[in-house]
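*Asks:* Sequence:
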Amino acid sequence: MTTAIPTLVWFGRFSNEDGYGTAARSLLKAIRAAGIPYVALDTATLTVLGVSNEAAVVCEREGDLLTVKPVDNATEYVVVVHDRPDRYPAVGVAGRARRVGYSYCEALTVPEGWIGSMFAMDEIWTSSKNNRTIFTDL
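Be aware that the sequence shown starts at 574, since it is given in our numbering, and climbs by one per residue.
It should be emphasised that the hints constitute simulated quantities derived from the structure, not laboratory data.
Label-pair distances were calculated between CB atoms; the ranges are:
(1) V644 x R605: 17 to 25 Å
(2) T706 x P662: 20 to 28 Å
(3) V631 x D710: 36 to 44 Å
(4) G665 x I688: 15 to 23 Å
(5) S625 x T709: 28 to 36 Å
(6) G636 x G686: 15 to 23 Å
(7) P684 x N626: 33 to 41 Å
(8) G686 x G665: 14 to 22 Å
Keep in mind the model is a prediction, meaning the values are calculated, not measured. Quick reminder that beta carbons are idealized off the backbone N, C-alpha and C, glycines included.
Could you put the whole structure together from the sequences, leaning on the hints where they help?
*Replies:* So this is what it looks like as structure tokens:
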């Protein structure tokens with residue numbers, strides 16, 4: 574028996590020329606190469622950049638909010654918001670989604686304005702032991 578791979582919805586600053594933009598483009602290339610069903614959305618321009626044929630979600634824009642919804646209410650999917658935690662609220666999620674915040678903004682402490690956004694996520698990913706320690710100590 575095979576298990577269906579959930580659609581991965583990746584929000585990132587794809588159009589930016591900074592570290593977040595470079596990383597977002599590189600990670601999307603790896604997602605495509607792995608054959609993972611995906612939707613890629615640019616948080617800088619609020620546009621949909623790419624959708625694989627197998628993607629089981631739709632994206633809607635209302636003002637500065639991008640919302641992801643499943644095509645079928647039984648669909649499970651994963652949403653990764655690849656940005657600073659203060660930008661996580663710009664992404665709305667409906668249905669059975671696992672919400673992941675992915676930030677590698679090196680910090681000595683977590684800014685007060687990030688805490689609520691981080692706790693609203695199901696998981697927080699980071700790329701350094703330092704940030705793991707800082708984020709875990711909340």
